Amino acid sequence: MRKFGWKINLYPFLIASLFFAASCHREESLSVEKTTPGVTNSEIKIGSSCALTGHASFLGVSYIHGAECYIDHINEKGGIHGRRIRLITYDDGYDPPRCVFNTQKLINEDRVFSLFCYVGTPTSVEIIPIVEEAEIPLLGLFTGANTLRHPFRKYIFNVRASYYQEISAMVKHLVEDLNFSRFAVFYQYDAYGLDGLTGTELALKKYGLKPVARGNYMRGTTDIEKALDLIIASDAEVVIMVGTYDPCAKFIKNARARGFKPVFHNVSFVGGNELARKLGCNGNGVFITQVVPSPDARALLSTADQYCSLLQKHFPDEKPSFVGLEGYINSKVLVKGLKWAGKGLTREGFIKALESMDEVCLGIGLPLSFGPKNHQGLDTVYFTEIKCGNLVLVTAWGSEE
Amino acid sequence: MWKPGTGHGMGIRRIMRSFENLSIRQKVLYSTVIMFFLIGMLSSLAYWLIFIPNLVEQIHQHGLRVAYSLVTRSRSYILSDNRPELTFRLFQKKMIEKDLSYIFITDSKNRILAHTFIGSIPSGIQAANILEKNEDEKIKLIKIKGESIYDGAVAIKTGITNIGVVHIGIGKKPVDALTKEVGLVLIMVTALIILLATLLSNLVANYISRPLSTLVRAMNDLCKGEIKELPPASQPKKCWEILKCDKEKCPAYMKEDLICWFMDGTLCHGHSLPKTLKKCYNCDVYKKLSGNEIVQLSSAFTEFIHTLQLKTKEIRTSEEKYRLLFNYDPNPLFVIEMKKGMILDVNDPALETYQYKREELARISILDLFHEEDAALFWKVVQNPVKEYFFLPKVRAKTRALSSFFVDVHARTAKLKDMGLPFLIISTVDITQRLEQETQLIQASKMATLGEMATGIAHELNQPLNVIKVGADYFEKMIKRGEKISEEDLSKVSRNVSDQVDRATDIINHLRNFGRKAEVNQYPVNVNEPVRDVFSLIGQQLILRNIEVNLDLDENLPKIMADKNRLEQIFLNLVTNARDAMDEKDRKALKILTIATKREKEDVVIVVSDTGVGMPKAIKERVFEPFFTTKEVGKGTGLGLSITYNLVKDFHGEIEVESTPDTGTTFKLSFPARNDEGSKDEQTFTH
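In the order they appear, the protein sequences are chains A and B. Letter by letter, the first sequence follows residues 1 to 401 of this note's numbering. Letter by letter, the second sequence follows residues 1 to 687 of this note's numbering.
Calculated from the structure, these hints are not laboratory results. These figures come from a predicted structure and were not determined experimentally. Hints may be right or wrong, so weigh each one.
Unchecked claim - To give an idea of the chain B side of the interface with chain A (calculated C-beta under 7 Å), a few residues:
| hint | residue |
| --- | --- |
| 1 | T87 |
| 2 | F91 |
| 3 | I118 |
| 4 | S120 |
| 5 | G124 |
| 6 | E372 |
| 7 | V382 |
| 8 | F535 |
Said to hold, decoys possible - Over 10 Å on every C-beta distance to chain B, these chain A residues come out as not near it, computed from the model:
| hint | residue |
| --- | --- |
| 9 | E126 |
| 10 | A169 |
| 11 | K278 |
| 12 | S369 |
All C-beta atoms in this analysis are idealised placements derived from N, C-alpha and C, irrespective of residue type, glycine included.
Chain A on its own, in the form it takes in the complex (with noise of 0.2 Å):
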């Protein structure tokens, strides 16, 4: 008898693999090399959206400011390999819809190199996938959204450190320092809100604790009551804010009348030196982490310095402020990024330069890293506390110090 062992039984192997192989050729898109858009020989196009006007236009414009008079000052000695820095700023008023709308339009019918200085994380986190899907490189936020740090985003560098480092940072000196336990969160409803919510219950939870109130309300709005009357009865000790500074102020102010007299903590994008002067001296004792050091230390940090002489310069009724110098700070990253990006400047080529950058000194006294992997460029949180409408930095924590 005849042995046909295994022999047969190999043809559904044969089968299957034919099939295989017929059906693993894929297509493959050719990508066209393209110009790089927004570069010619003598301009290199640069696009923002912020707020310029409404209810959070000091922050918009404090930021533009900032970035515009260091920019100014690089074309003013020449641009960038010959090539002169536009930077075209929309206005979205804080509106996520007009800043998704003034994006599509940067990109498509301004067709700028890079998008930079954007502010806000509502309007921000709205235009993450159309940056993704355009390619473009996005520099500079002025918000600390822990969406746009992970998952890692290929197009998105952020200089400043997070919501999530300033509030820990915080809860940190809170719990650990002055022994405070009953925590409650004021926020603004939306991304940036929901985003410093949970940025404060990660903090709180490494303590065991969890916020003793949750108080909100809309972007846009002043509209704070409801939420100061839920954080009053939870008879909190700190009040972690998240908000803009016209309800964080009315917030503040409204407490205080009620006698409600809570630690208060706010973070960077509350805008501090508006905060402060809104406040005044009913502003004593509120706390607010920033992410770049005071303007106010010129004496100490030349990029502080030159920020204040070139604001000075170019717009001389402004006064300097941590959102300003931040600004400023971004432009220096961008400069950075477009010289070593070199002459033949692509997007590919100006996002390799930034991730290239490792412990660059920006004068600010501590140096930026950025990294193929790594998009976050600073980490340091500062304190500063209000004392009758100035922002102070704080030096000495409790009783212990």
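Given chain A, put chain B in place with the hints provided.
The following block gives chain B in isolation, referenced to the frame of chain A:
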């Protein structure tokens, strides 16, 4: 053979034939694999013909639903010309509906109000799929930058006025990729199923073919004549052992060839077959036999072989028994076929008697064991057997060393069921010793006859003696008288004396010949000669007793194969009997002895009749018995006619007797005439 035009049909037939030639294992394997392959092909076909179009349609419908949802949401923004909000809505929608390649909204003049294109708006996209006035929705495959896209357009209306159109783009490539992916999964699953089916059917095929192969092997062994003890199943437990049964009347009880009353249905008569007993489920026999057909076949076959073993054992025992009987017969026994007389089987005495080895005998014909003439005669009888049984006396046989001896041949044709050609069982009985005795007996009888004839012979001799005496007396008287005997007389008398002396010498010679112990010869003889010779012995006697002898001899008779001396003895016996029978009659009664010879067809016939006292029927029937005599004690031996009978038979003749009391008796002898006259000389051999 391949022929043009029939190639196709031949091909299928050839494939069918090759399939026929496959083993069961391969058949099961191939057909399962082919079946699953076909199933796979069919499902793939169904997938391509039904599922894909359906899937594409579903995707289109989904796209249109998205467009409709945008219609409701965007209406107010269009009316207020809020393009950022419109754009934002589109982007938000597109973020959720990731499969869409684009969304855009045109106004009533077909200008783009909002869109989700990043980079640039493909030129002419708003004109690629334009809704007619009466259309609310439309899907059209368009090409944008070389990419195929299904553009779905849905009209935005306020009342009946068309204020814009929502367009959604569904890339054809993602749809194709999806269908391809699903197809790939389907193919992989099919391939996996085929693989599993192959493995499984391999197992099943093995499961089926292994017992079959075992059966085939066993069957082959069986054909080769090896009945092997089969492994496990060969000795199944018997039901009575399992049930510890004591129903001795059950047909299956203690029967080796029945396995189980439940399976065989051999439960004792008068009992209905019960439901399967609980015990049965644990019973090896039941388990083994209630399996699938192949197991049952295997079991049945095992049982068959087991039975065969038993039967074979029985047959072997029987065969041994008959072999023993066969060999214990002191006479040589042959089994021969009837075409050439080839020897099929012999017993041990045959080997001994004929001094052959068994292998040698198996190569020769039985005819080689006989003398040529006897063999021819024997073969003639074999070819035309009158009866099942026949007997040939005094056949000359020869051993391997060519020494001769006489045998009686008993033969019987036989035909076994299912054994095809008839065959012959032959027994040769060595009669050498018997013949010796017979010869002595014949001699004794002859001497007795001679004794009886002594007076007659004396008388016979007297006559010539008297003549001589007369002559001698004449010479003496003439000498006494002193007379001279004439020359003439002297010569006459002396011649007379000489004649008479010759005659006397003849008689004496004849007598001496007759009395001699004769050798057994067979040679061509004319029967008239011995008939005449008899009368030279007792002719004178008959005359003295007033018996008239009437010889009616046919002078043109063919010769027969016999011995003259023996024939003379036969006739002498018959004539003596006739003489005695006529002596008993009145002195004056008419006494005639007639001897006639003639030819009747192929036979030479001799009729000896007398007008004696005859004999009744009761005596007539016994005349050929040895020692039967009607004569007074001391007068006859009672052997005469018995010997006569045997002698006639020796020469292959027949003897009949007709007798009427007081009228006479007639003996009729017939011998086969010799065909080829004179061609053969006498053959003489002694023992």
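Self-check item: B/T87 as chain A interface residue, shortest Cβ-Cβ below 7 Å
Solution: Hint on B/T87: holds, closest Cβ of chain A at ~4 Å, below 7 Å.
Quiz prompt | B/V382 as an interface hint toward chain A, with CB separation required under 7 Å | solution = With a minimum Cβ separation of about 50 Å from chain A (threshold 7 Å), the hint on B/V382 is violated.
Quiz item: Can the hint on B/I118 be confirmed by a CB-to-CB distance to chain A that is less than 7 Å?
Solution: With a closest approach of 4 Å, the B/I118 hint holds.
Quiz item: Hey, does the B/G124 contact hint survive, CB to chain A under 7 Å?
Solution: violated, 16 Å
Exercise. Classify the hint on B/E372 as holds or violated, based on whether any CB of chain A lies nearer than 7 Å to its CB.
Key: violated, 57 Å
Practice problem: Against chain B, does A/S369 hold up as non-interface, every C-beta pair farther apart than 10 Å? | Solution: A/S369 is indeed farther than 10 Å from all Cβ atoms of chain B, at 30 Å.
Quiz prompt | Check on A/E126 being off the interface with chain B, judged by Cβ distance over 10 Å | solution = violated, 7 Å
Practice problem: Under 7 Å, Cβ to Cβ, is where B/S120 needs to be relative to chain A, so tell me if that hint holds or is violated. | Solution: Interface hint status for B/S120: holds (6 Å vs cutoff 7 Å).
Quiz item: Once the shortest beta carbon distance from B/F535 to chain A is found, is it less than 7 Å?
Solution: violated, 91 Å
Quiz item: Is the nearest CB of chain B more than 10 Å from the CB of A/A169?
Solution: holds, 33 Å
Quiz item: Close enough to count: is the Cβ of B/F91 nearer than 7 Å to one in chain A?
Solution: holds, 5 Å
Quiz item: Minimum Cβ separation between A/K278 and chain B greater than 10 Å?
Solution: A/K278 clear of chain B: closest Cβ-Cβ about 29 Å, beyond 10 Å.
When the structure is compared with the earlier hints, violations turn up for hints 5, 6, 7, 8 and 9 and for no others.
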